[in-house]
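Participant: Sequence lines, in order, name chains A and B. Numbering follows numbering that gives the first Met the number 0, in which position 95 of the first sequence is assigned residue number 94; successive positions increment by one, without gaps. Numbering follows numbering that gives the first Met the number 0, in which position 316 of the second sequence is assigned residue number 315; successive positions increment by one, without gaps.
Think of the hints as simulated: they come from the structure by calculation, not from any bench. There's no promise every hint is true.
Listed next, the in silico DSSO-like pairs over lysine-lysine satisfying Cα-Cα at most 27 angstroms (straight line) [said to hold, decoys possible]:
hint, chain 1, residue 1, chain 2, residue 2
1, A, 336, A, 291
2, B, 291, B, 336
3, A, 291, B, 291
4, B, 336, A, 291
5, A, 336, B, 336
Computed Cβ-Cβ distance ranges for the label pairs, DEER-style [said to hold, decoys possible]:
hint, chain 1, residue 1, chain 2, residue 2, range
6, A, 70, B, 197, 36 to 44 angstroms
7, B, 198, A, 144, 39 to 47 angstroms
8, A, 36, B, 168, 21 to 29 angstroms
9, A, 255, B, 28, 40 to 48 angstroms
10, B, 330, A, 80, 48 to 56 angstroms
Cβ atoms here follow ideal geometry from the backbone N, Cα and C, with glycine treated the same way.
Chain by chain, the residues run as shown.
Protein chains: 2
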Amino acid sequence: MSNNKLKTVRIVGSGLIGTSIGLGLVQRGVSVDMVDSDPQAQSLANDLIGGVGVASPDLVVLAMPTTQLPAVIEVENLLNPQSTFIDVGSVKHEVVLHVESISGLSRRFLPTHPMAGREIGGASSARADLFQGRSWILTPGTEVDSSSRELVLELIAHLGATPIELSALDHDRAVARISHLPQIASSLIAKQLTGTPPEWMELAGQGLRDTTRIAGSDESLWKEIIYSNRNELQQLLINLQNDVQLMIDSLGNPDEIAQLIAQGRAGKALIPGKHGGKAREYFYLPIVIDDKPGQLGAIFNECAAMDVNVEDLNIEHSPGQLSALITLALSQSDAEKLSTHLTSIGWNVHPIRK
Amino acid sequence: MSNNKLKTVRIVGSGLIGTSIGLGLVQRGVSVDMVDSDPQAQSLANDLIGGVGVASPDLVVLAMPTTQLPAVIEVENLLNPQSTFIDVGSVKHEVVLHVESISGLSRRFLPTHPMAGREIGGASSARADLFQGRSWILTPGTEVDSSSRELVLELIAHLGATPIELSALDHDRAVARISHLPQIASSLIAKQLTGTPPEWMELAGQGLRDTTRIAGSDESLWKEIIYSNRNELQQLLINLQNDVQLMIDSLGNPDEIAQLIAQGRAGKALIPGKHGGKAREYFYLPIVIDDKPGQLGAIFNECAAMDVNVEDLNIEHSPGQLSALITLALSQSDAEKLSTHLTSIGWNVHPIRK
């Protein structure tokens, strides 16, 4: 990048996202000033990333809870009347409306949403590469200046993310369906476990574990996201509730139950596979191993020796036993090749399942 | 086992479970006769496991859909009036009631439920070790003969499973909560994806994938399970529906939203970790790798060299990029040791997250 225009950035908010952006930009030679309403947090964040004082920044990043955003936009716009702005919140429609209500700001303000994991918080968890290979959604209005857009695209490129443009409304609808509703449902499933005797919980399998994994998320983050996207979520929750009612009404009729389960299977099939491509047909190769160091390494050595690419892996442990079942997800040809090879050298491989 | 009493077993039903039991027993020297209402399936299953004709079997295994069970029990009890019986269905209360209605049968009939994966079906998917290290639940009535109980425990031991005794009612309540309700919820979440534009689906992350994994299950199996356990499921579904309503009512109030998410987190914390023990506190070590053969093997080699035990692993692929983020779950000391080591030899390791 010989024509870098992004020289100075002011980041307001020193949580995980703000500090990670700061770390990544400093590594790419951009001068960054971390700002926080808490002076101690501000000083810590600047120490952490090597922040410097910046006057008239090219770009201001607003990285704080969405409920605080309107007040901060007001102040920061007065302080930096020439700067380009982005926010990084998980919900976009309200931000767009607010920005459009401030004269001239929508030319310089791009609402954005980096799709990076946020299940942990705080500056100390920040990583310069948090956004590498992730999507970074932009929901700009029609009035945005091309110079502002270029600065924002430069920031995203610096951080290794892929820009994707959507309307704010489409963004909010999309994340409500693929992220916020699953979060709520996972939390509510996990809530049903309240009071379950420990001896019943011992019977829990991988299905329960997968379904409730994100129920471990932080409520202080999610209360903001869900609240901000409540308009999109309301109808989705009503739809879910209606489908729960349909299942209740179908409990006495196996064919109606089957229909609901089949509709779920069809919905799941819409989720694309890795690399943003279509869902691949993986073949699954179960292997029983001793649950001790060295076993996985030995298997992956064989994979490398056979030029086999492992697409995914699941490790399942048996209660009260020191063996484990690992399942490798592979292409059909890799699965056949590896199964034959591992079996021939004595591994406990089981028939390939599609 | 010098005092083996289990010499001959008749298995009625040649699906995954029945054929897997047959395979495992034959490997332990037991004579097995596979029986199926479909003569071709019966012949195939006997060929597959090395089945033989068996008269007056010590034990009869009933391995067919629960809706067919009452009629089959009737016939098999007339054919084998001295034999011990088990069934292997996922729901137990109805079976117990039915067995108790047949004079003298409850002395010889133990309802059981092997907790083995059944997301795929058919004799061709059968594995002799399907039950190894799994729990095998028994829900015997009070009248059961000790000689019958011993035969069943011998069968379970042959197959490498761990017997666990529960009342039929407790069993059905437990699996409704930890298995059947999560299955229904996962299917209904996935159903909400119906009609979502492909470009929105491209934004799907690991949370959606985990939450909907079991929505890929087979509806012909699950319609039976859900139907059979409808009495236990009804109240759980009503509870879930009430909680969805609570969330709808809370959408305008961030603190109420937070409370529901926090209750979900508390419920999830009740799920025990591997080996049937309490949930462990894992440390998560994220590593960015090239998505090509050899990378995982090299990392697991280092794990083995450092005597580090990988508890679990997640592979996350970035859309449109040929790099992958793998996250290893480790004990704290292993995580620290491995992080230092991998960093020192040039791997792209990121700060340890708890």
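Participant: Sort out which numbered hints this structure fails and list those numbers smallest first.
Facilitator: 5, 7, 8
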